[in-house]
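Participant: Chain residues, written in single-letter form:
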Amino acid sequence: MRLAKELGLVLASLALAFGVGALVAQLSGLSPGPVYRELIRGAFGDQYRIFQTLTQATPIMFTSLSFLIAFRAGLFNIGAEGQMYLGAFFGAWAGFTLILPPYFHTVVALLVGALAGAIWGFIPGWLRARRGTNEFVTTMMLSYVAIYFTSWLVSPRGPYHGTQWANQTVRILRSAELPRFVQGMQLHWGLVIAGLLSLVLWYFLFRTPRGYELRAVGQNPRAAQYAGIDVPRITILALTLAGALAGLGGAAEILGTHRRFIEFFSPGYGWDGIAGGLIARAHPLAVIPAAILIGALRAGGMGMDRAGVAPADFASVLQGIVIFFVVAPELFRIFRRIRRERRVLVHSQP
Amino acid sequence: MSILSLDLFLSALRLATPIALVALGETFSELSGVINVGVEGTALAGALLTAIVAYYTGSPGLALLAALAVGAFLGLVHATWAVYLRADHVVSGVAINLLVAGVALFSTRILWGWRGTSPAATTMNPWIFVVLCMLLVVWAQVYIFRTPWGLRLRVVGEHPQAADTAGINVNRTRLIYTALNGALCGLAGSFLFNNLGRFTDGMVGGRGFIGIAAMVVGNYRPLPALAAAYFFGLVDALQMRLQAYIPSQFSLILPYLLTVVVLAGFLGRANVPKALGKPYLKEGR
Amino acid sequence: MPTEAVRMEGITKAFPGVVANAGIDFSLFFGEVHGLLGENGAGKTVLMSILYGLYQPDSGQIYVRGELTRIRSPSVAIKLGIGMVHQHFMLVPRLTVLENMAVGWEPRRGPFLDRLAMKRRIEALVEEYGLSVDPEAKVEELSVGEQQRVEILKALYRGAEILILDEPTAVLTEQEVEALFRTIRALRDQGKAVVFITHKLHEAMAICDRVTVLRKGKRVGTVPISEATPEKLAEMMVGREVVFRVQPKPVSREGKELLRVEDLTVHDDRGLPAVQNVSFALFDHEILGIAGVEGNGQKELVEALTGLRLPKAGKVYVEGQEVTGLSARDLARLGLVHIPEDRQATGLILPFSLAENLILGRQREDGFALGPWAQLRGRIFRYAAEAVRTFSIVAPSLSVPVQNLSGGNQQRVILARELGRNPKVVVAHQPTRGLDVAGMEFVWEKLLELRDKGCGVLLVSMDLDEILMLADRVAVMYRGEIVGIWPREEADKHELGLAMLGGRIAAR
Numbered sequence: 142m143r144l145a146k147e148l149g150l151v152l153a154s155l156a157l158a159f160g161v162g163a164l165v166a167q168l169s170g171l172s173p174g175p176v177y178r179e180l181i182r183g184a185f186g187d188q189y190r191i192f193q194t195l196t197q198a199t200p201i202m203f204t205s206l207s208f209l210i211a212f213r214a215g216l217f218n219i220g221a222e223g224q225m226y227l228g229a230f231f232g233a234w235a236g237f238t239l240i241l242p243p244y245f246h247t248v249v250a251l252l253v254g255a256l257a258g259a260i261w262g263f264i265p266g267w268l269r270a271r272r273g274t275n276e277f278v279t280t281m282m283l284s285y286v287a288i289y290f291t292s293w294l295v296s297p298r299g300p301y302h303g304t305q306w307a308n309q310t311v312r313i314l315r316s317a318e319l320p321r322f323v324q325g326m327q328l329h330w331g332l333v334i335a336g337l338l339s340l341v342l343w344y345f346l347f348r349t350p351r352g353y354e355l356r357a358v359g360q361n362p363r364a365a366q367y368a369g370i371d372v373p374r375i376t377i378l379a380l381t382l383a384g385a386l387a388g389l390g391g392a393a394e395i396l397g398t399h400r401r402f403i404e405f406f407s408p409g410y411g412w413d414g415i416a417g418g419l420i421a422r423a424h425p426l427a428v429i430p431a432a433i434l435i436g437a438l439r440a441g442g443m444g445m446d447r448a449g450v451a452p453a454d455f456a457s458v459l460q461g462i463v464i465f466f467v468v469a470p471e472l473f474r475i476f477r478r479i480r481r482e483r484r485v486l487v488h489s490q491p
Numbered sequence: 046m047s048i049l050s051l052d053l054f055l056s057a058l059r060l061a062t063p064i065a066l067v068a069l070g071e072t073f074s075e076l077s078g079v080i081n082v083g084v085e086g087t088a089l090a091g092a093l094l095t096a097i098v099a100y101y102t103g104s105p106g107l108a109l110l111a112a113l114a115v116g117a118f119l120g121l122v123h124a125t126w127a128v129y130l131r132a133d134h135v136v137s138g139v140a141i142n143l144l145v146a147g148v149a150l151f152s153t154r155i156l157w158g159w160r161g162t163s164p165a166a167t168t169m170n171p172w173i174f175v176v177l178c179m180l181l182v183v184w185a186q187v188y189i190f191r192t193p194w195g196l197r198l199r200v201v202g203e204h205p206q207a208a209d210t211a212g213i214n215v216n217r218t219r220l221i222y223t224a225l226n227g228a229l230c231g232l233a234g235s236f237l238f239n240n241l242g243r244f245t246d247g248m249v250g251g252r253g254f255i256g257i258a259a260m261v262v263g264n265y266r267p268l269p270a271l272a273a274a275y276f277f278g279l280v281d282a283l284q285m286r287l288q289a290y291i292p293s294q295f296s297l298i299l300p301y302l303l304t305v306v307v308l309a310g311f312l313g314r315a316n317v318p319k320a321l322g323k324p325y326l327k328e329g330r
Numbered sequence: 011m012p013t014e015a016v017r018m019e020g021i022t023k024a025f026p027g028v029v030a031n032a033g034i035d036f037s038l039f040f041g042e043v044h045g046l047l048g049e050n051g052a053g054k055t056v057l058m059s060i061l062y063g064l065y066q067p068d069s070g071q072i073y074v075r076g077e078l079t080r081i082r083s084p085s086v087a088i089k090l091g092i093g094m095v096h097q098h099f100m101l102v103p104r105l106t107v108l109e110n111m112a113v114g115w116e117p118r119r120g121p122f123l124d125r126l127a128m129k130r131r132i133e134a135l136v137e138e139y140g141l142s143v144d145p146e147a148k149v150e151e152l153s154v155g156e157q158q159r160v161e162i163l164k165a166l167y168r169g170a171e172i173l174i175l176d177e178p179t180a181v182l183t184e185q186e187v188e189a190l191f192r193t194i195r196a197l198r199d200q201g202k203a204v205v206f207i208t209h210k211l212h213e214a215m216a217i218c219d220r221v222t223v224l225r226k227g228k229r230v231g232t233v234p235i236s237e238a239t240p241e242k243l244a245e246m247m248v249g250r251e252v253v254f255r256v257q258p259k260p261v262s263r264e265g266k267e268l269l270r271v272e273d274l275t276v277h278d279d280r281g282l283p284a285v286q287n288v289s290f291a292l293f294d295h296e297i298l299g300i301a302g303v304e305g306n307g308q309k310e311l312v313e314a315l316t317g318l319r320l321p322k323a324g325k326v327y328v329e330g331q332e333v334t335g336l337s338a339r340d341l342a343r344l345g346l347v348h349i350p351e352d353r354q355a356t357g358l359i360l361p362f363s364l365a366e367n368l369i370l371g372r373q374r375e376d377g378f379a380l381g382p383w384a385q386l387r388g389r390i391f392r393y394a395a396e397a398v399r400t401f402s403i404v405a406p407s408l409s410v411p412v413q414n415l416s417g418g419n420q421q422r423v424i425l426a427r428e429l430g431r432n433p434k435v436v437v438a439h440q441p442t443r444g445l446d447v448a449g450m451e452f453v454w455e456k457l458l459e460l461r462d463k464g465c466g467v468l469l470v471s472m473d474l475d476e477i478l479m480l481a482d483r484v485a486v487m488y489r490g491e492i493v494g495i496w497p498r499e500e501a502d503k504h505e506l507g508l509a510m511l512g513g514r515i516a517a518r
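Residue numbers (the numbering used here), protein chains in the order written: chain A, 142 to 491; chain B, 46 to 330; chain C, 11 to 518.
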């Protein structure tokens, strides 16, 4: 089965990546054994830590799906970080400005966040569709714009500066809170929403005509056009959805974890989303484990740091190496194909 | 207003330099048919290596060489993936950016115990880079359009099969120019270090991507790309001075927003090399 | 005593899934034109590509001027005096003739490209061989015939004594072919060795001194022209008695107008008029062939008729209803479908499965979907299975990526898809390009079936023989205009060839 082979390749790449990681650790004066042990312990050691891992993984699931939906349409959404910030801020805004019944308020706030992100995805989408402007650069640039803009909003002289001791908004109302699973732990229902979304996205891409069209555009835009598919429309749809997903993730992070918008709250979830999308090889169902892997690396990194065996940033290096090798199965496959071709040539003597 | 002054234009020249260097490097690799979005990470790597070598050896010259070397190395890595292993060009570049970002944070921690920054180290005069950049651009303009190698470069990017049948090694050409791109990005990173005096992990700040934008605006020609880079540099310099008058975030936003506006208004990608981003398969069917 | 230029012995070359050359022997003398004849896919281009160093043989030897050599790359071949003019030109459109010719062999002045010296060298070559070109012109501005001249001059500039021409007449008009033949004879008389690759029997007979016939990767035989007859060569090419492949049955027409084009003007990508004031009509039970050399507006005409390009002026009607400017999807719904010219680039999505490709463009149809959000996969698979049966598509399963299928099977997928829409008008653009004989026959039969059922088929093709075999009426397109439409019985091949070059004849 093709799926089993792909899974095997991914696991092989992971194994290779961790092997190389051990080497790097050794060369940097760290001992691989304790490093990996503390890494795993930090991520999965006890219930608290597992919850931490999942908490870190939740926003990454959203941003991975964001990267993924654009990627499937042949586009690169590099601006998930900024889209997430906008979604986070406007979700928070809806959280402390609107007066609505509980849970309903949550849903509305989430949708507001998604809408904000959607707009931020729509702009580069429209530019790409109508003017051919490269979306890699525009999403990237707009990301910076969004991050600085939201920073201003909660800066001391900004309009939504809510507390004296930090650049953040006031707290959202109780009615807008996204419920957590366990008292005292930050893990919230955003995780479930993300999980459901990955199923929805899978269904969309592989079981609906629209999703078929999106994939077609991603594989061969000319043929898609010839087949009567509205390529510009799909482009705009894909990037708008990507923005919405990132925005939703940001709103969920605020409503669930922080309960207020905090300047620079994201330690790079947007970038992790790109990593997650790549590691998941753009399969919606693989996004959950991919995001958990990245969340584990983050949480594990903090654990390593606390235990004093390695700086937390070693986890970032590991993440980089993992991506390197997971993107590499393309390469393994190509290597194998090249070798297979040569073998055929050698063996086809008359 | 006292904003417009010689000081502003000199500042613009300096700030434009890393953008111009990346634009030039990317022009070379894209003319040969390779898209390299790893320029951001490569520049960061250049800055990092400059910091490390300058700190430990005290020699800015050696540091510069290290930056060039690491840049060329990353360029080779990207070229290997994109050209020989036929990975998606953009994905490979993104992977490099992510990897370098992680390594940068880790290295500063391991070496100096700080997260993402380095201590100060010996620098060289950043103006050397500014002048070097201008000379390189002039050289590039002549090289690409008036020499045999420049002709071969252009043919490889436009019609690799034609280049192949003329006896030119397409993949090796792409490898060389992508390595050159990497070296120029390393140079850009070295400038950033020498301009600031220390390494910080955010110091490239999107300038790699703005460099790509400058190349697009310059329509794949070195001199116009330099002009575009100067424009972006001017905006950057302006932005710094405006911070006294408007909230800092707004002026920080300015260069990025302007890049989007310029790219949006810029129609006609007339000179995109036809074979850009497509792997060259020699033994096809 | 003619000297041997090239001797290839036992050349074998295989690609994944196909053996392109199997133990081929080939010899070539200076002062001869040696034809390499065979169907599409017989292995002619591969063999010569090996000689030119583009491929390495799996086994076999090559002797050039009597010496055993390994030709590892084109630069080695060029040093040996071998030059090749490919079917698809190796020219960069954006660069000038001078630049295209110079690349790789640039005259230098210090570190610079010596353009003046190059210009003088080109002028010298033009003098010597009588092939005129403008060194400063951009290749994209030249006609196809002129571009071919540049390719030949390029090979000569690089010192070719052995010249390989791969299907050189595919893109030429009859008059340009005559000019080319004159050039080839001149080169031969100068002592050069010329290999003339073609699948056209009559051309091989017209220009060659000897003909080697390849079939399915093997050499069938070599015949001097004095002993060659069309029947003999044809039999060698195909391996059986060649009968006129397909023949349209007489059919009665209702005179219903299915497609009408009025004063259609279409611009190309550069904004220049590619189709100018074209008018014609297509009726039931007929095949209307549009003949013409590639590049006279056929592409833009087809795109305008199939909803891929907005016409600048004029109107199009399908069964009396105006459809000008409608999208491909709307046109399909009204009964106008399209068999595209380049199946892999525009007709199929290679990584998608067989089943997915069979619904490409039809994914929103009522039988396959409930609105944009629900796909009826059961029905899709049943339909796909049926299509595979009806069109004899050879594939391991319905889920296999269509890129794994052969060219002929890929074309069947497209036919199954488009004809499965029960169209009224079919616009077929080069539907048999790159197919072997079996594949071509299948396509022809299907087109005739459509015609017999009552559809109107617009067959746009560069292959005049194909059109003359199938069409009820023949139109010729030249420089964006329809210069004439003839009923088949009145169509004379010579007259048509003349019309394809713009010769003035009484338009009917």
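Since the hints were made in silico from the structure, they are not lab data.
These figures come from a predicted structure and were not determined experimentally.
There's no promise every hint is true.
[Claimed, not checked] Stretch by stretch, here's where chain A covers chain C in the computed footprint (C-beta under 8 Å, at least three residues):
id: 1; segment: 356-365
id: 2; segment: 383-391
[What the hints assert, rightly or not] Covered by chain A, per the in silico footprint, the following chain B stretches (three or more residues, Cβ under 8 Å):
id: 3; segment: 123-137
id: 4; segment: 140-151
id: 5; segment: 214-227
[Said to hold, decoys possible] No more than 27 Å apart at the CA atoms, straight line, and that leaves these computed lysine-lysine pairs for BS3-like:
id: 6; chain 1: C; residue 1: K242; chain 2: C; residue 2: K463
id: 7; chain 1: C; residue 1: K242; chain 2: C; residue 2: K210
id: 8; chain 1: C; residue 1: K242; chain 2: B; residue 2: K323
id: 9; chain 1: B; residue 1: K319; chain 2: C; residue 2: K148
id: 10; chain 1: C; residue 1: K210; chain 2: C; residue 2: K148
id: 11; chain 1: C; residue 1: K266; chain 2: C; residue 2: K242
Don't be surprised by glycine CBs; every beta carbon is placed ideally from N, CA and C.
Participant: With a C-beta cutoff of 8 Å, work out whether three or more residues of the segment 383-391 of chain C approach chain A closely enough for the coverage to hold.
Facilitator: Answer holds; 4 residues pass the 8 Å Cβ test.
Participant: Verify this for me: three or more residues of the segment 123-137 of chain B with a beta carbon less than 8 Å from a beta carbon of chain A.
Facilitator: holds (count 8)
Participant: Compare the distance between the alpha carbons of K242/C and K210/C with 27 Å, and conclude whether the hinted pair is satisfied.
Facilitator: 14 Å, holds
Participant: Are K319/B and K148/C close enough, with their CA atoms no more than 27 Å apart?
Facilitator: Judged against 27 Å, a Cα distance of about 16 Å means the pair holds.
Participant: CA of K242/C to CA of K323/B, is that 27 Å or under?
Facilitator: Roughly 45 Å between the alpha carbons, so the hint for K242/C and K323/B is violated.
Participant: Verify this for me: three or more residues of the segment 214-227 of chain B with a beta carbon less than 8 Å from a beta carbon of chain A.
Facilitator: violated (count 0)
Participant: Can you take a look at whether the segment 140-151 of chain B is actually covered by chain A? Rule is 3+ residues, C-beta closer than 8 Å.
Facilitator: holds (count 9)
Participant: K242/C and K463/C were given as a pair; does the straight-line alpha-carbon distance stay at or below 27 Å?
Facilitator: Violated, at about 37 Å.
Participant: Taken at face value, is the distance from the CA of K148/C to the CA of K210/C at most 27 Å?
Facilitator: Violated. K210/C to K148/C sits at ~31 Å, over the 27 Å cutoff.
Participant: Within the assertion that chain A covers the segment 356-365 of chain C, do at least three residues meet a Cβ-to-Cβ distance smaller than 8 Å?
Facilitator: holds (count 7)
Participant: Sort out whether K242/C lies within 27 Å of K266/C, counting only the CA atoms.
Facilitator: Judged against 27 Å, a Cα distance of about 44 Å means the pair is violated.
In this structure, the hints that do not hold are numbers 5, 6, 8, 10, 11, in rising order.
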